[in-house]
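Asker: Which chain is which? The protein sequence lines are A and B, in order. Quick note: the first sequence uses this note's numbering, first residue 1, plus one each step. Quick note: the second sequence uses this note's numbering, first residue 368, plus one each step.
Hints were generated in silico from the structure; no laboratory data involved. Among the hints, erroneous ones may be present.
[Claimed, not checked] Computed list of lysine-lysine pairs in DSBU-like fashion (alpha-carbon distance at most 35 Å, straight line):
1) A/K165 to B/K725
2) A/K165 to B/K624
3) B/K719 to B/K691
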Amino acid sequence: MRNAKIDQIQYFSLFPNLVFGKAIGFTSGVLSRQVGADVWTSMLIGFVIGTLIMLFMTFIGSRFPDKTILQYSSHLLGKWPAKWIGVILFLFFSVAFTTSANVITLHIKEYLLPETPMIVLTVSYVLLSMYGVILGIEVILRLALFALIMTILLDFLMVIGSIAKFDIMNLLPLFDRGIVKNITSSIYLFPDLSFAVLAVGMLFPLLNQKKKAYSLTFKSMIAATLLTVTWPLFEIGVMGADITKQYVVTCMQMARSAQLTLYLPRYELIMMILFVWGVIIQSMVMFYCAMYSFKQTTGIKKDWYIILPLSLILMIGTYLLGYDHNRFVDFLTTPWPQITTSLSTGLPVILFLAALIRGKLKRTDAE
Amino acid sequence: MFVFVMIFSLSGCWDSRELNDLALVMAVGIDKVKNTDDFRVTVQIAKPSGGGQPGKGGSAAADEPVWTASAEGNTIFEAIRNLAKFSSRRIMWAHNNIIIIGESVARDDITPVIDFFTRNVELRMRTWVAVARGEARNYVSAKTGLENIPAMSISSLFRYSELPSESVKTEVIDLFSDFLSDSIQPMVSGLRMRERVISTENKQEHGGEKQVELAGGAVFKDTKLVGWVSPEETRGLAWIRNEMNNAIITVPCGKNKKKQISIELRYAQTDLISKIDNNMPSITIKASARGDITEQDCLTHLSTEQLKEKVEQLANDEIRNEIKLGVKKVQKEFKSDILGFGRTIHIQHREKWYGGIKEKWEEIFPEIPVTVQVDIHINKMSLYQEPMKIEKVESGNYK
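Turn these sequences into a full structure, and let the hints steer you where they fit.
Answerer: Given below as structure tokens:
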């Protein structure tokens, strides 16, 4: 990773991919059970907060342009607190990987290959992600641009395939459960936002044009917001809140409910082909960050010594979490959003305060 | 090594299903078995036409294009499993066109039907749903319409039902949504049998078989069918539910009621406006549309503008009456809010809806005062500048 560099377009492509995959299906399902038809407004609020946190994280990263979050944690907080942060981030990225991996395994298991054993899907997916990690972060991020194009196509196809059945009445009344409920429920988006927030901490040193980091982060988050919020907007507009909250994989149900299915009965298969790329990027980046945070925490030199046992751990974790989809959804409702919200907002604040106290907030070359 | 592992793990052999192993369901009907709680599932399955002998034009052409079968069970799923006992192929639902709910099931409880067909991933949420007057199996097995596969004919009824507008178009997703909602009740398309009404000298040639007709609607309250609305009443309800887009209406030409003027309506739009005074809601229905005069059976001495004005007035009255007829039926007789009045109040007066109206909605709904305002605008009178034979009227030769 030390020699790897990512250009602006790769950096821009990264965040929509990190946020999109789980948010359009599982998160909208969880959110609709909390706020009914206001999934999209609550998600929009979450994105506004998330973008501010992303910019805040970029600000902290730009103070230490050549260091990962673990390295500047060590610089700001001392060696042992940084080790603890390393362990926490390793656990976060590992669990984040399992949630991301289960987005794919559950899509495939429940809608496309119901008789294929879950363990086969899990092992295959972890091996595929491992392959990406072995190839390296540059390869993953090059693929991110392609995945972003696939995601844009996916959104476009979903909109034209279902707009005929879009009923604006389904979105009304706005803020049905109250604005406060909308804001508090936006924490259910943080499992997705935290992928991006904490990945910035790990990947920021790779960006070759750090002077444009704020603008890139902001534009990337706007793209992520538009691409993602379109889904709950249409899920509610087409299916209504009552149906949206019934299903686990809401985006697949949306594809199943599109007007286009009258003419293309296996429409969801096409949607799935476009969808997987973004999620694979999400999973590979989480795997990579888990591996790299463990490496920096322990000081192990060889990646292979970490990748192989980590793959096994991730296979077991993914299988245990995804085997029962009710358990998975329960985990996505409590405690995962609460943990990720605390971590992705708390850690930047702690690091900012430490930098402030130690006088490390002066302008850097990155600006 | 990696590619080798992936080839075996991702080939999907576990789920392979060859087309020649599948029975593609085209229509399904669900009934209750008389005097029991069991379900009877009747399926119409497209028959493969691969049995023909090469060089002899294919014997498949002479075959029936569909195979229809029934089976019974304690649950719908069990009935389908029992169907598999004598079906040579595995039942596949992905291409099903219509779900027909028998009246016995609808009157008892539609929950099992909704549950089964929304849970099944093979089924499209855009499949049509209808309730049959009588037993669903008669409709599934009926040879109806112009298509080789009768189910295709029935599903076409939904696609092209707009002009008569005498039924609603219900898809699984609509039924499911209304079923789950706490501010609107389900209304489902109704089916009935009818004669083809032509010469019956040769029954084989001239429609001896009864045909399936889309007519009226089935009104539900919660999970049960509470009654039927006639095609005429359904037109009024379609206005309120904003399901009217294009329609043809006729109005009397003058004093002679036998002479009629036909109007083709387009861009129909209905707005529901609610008001709440002393916790008692009232609803104003505002319907509007643009229309063209497409047929005029009578001669008139009126100028084009005068005729337009008169026809607009008559159309307004006609539609107002249709709407009132529909409202009266569901509000007073069925007491079931298929009209979405509750939904309107929820949207327009959210705080009052949650502040007591929602809980008492069942008692409040039948008592709500309803005002109907209709505004039809006649655009053109087809190709004519003046009404036909106007000079005949003006010369005094018209009797």
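Asker: Compare the structure with each hint and give your call.
Answerer: Now for the hints, and whether the structure bears them out:
In summary, the hint linking A/K165 to B/K725 is supported, as the alpha carbons are separated by about 27 Å, within the 35 Å threshold. As the CA atoms of A/K165 and B/K624 are separated by approximately 40 Å, the hinted pair breaks the 35 Å bound. Between B/K719 and B/K691 the CA atoms are separated by roughly 26 Å; this keeps the pair inside 35 Å, and the hint holds.
Violated hint: 2 only; the structure is consistent with all others.
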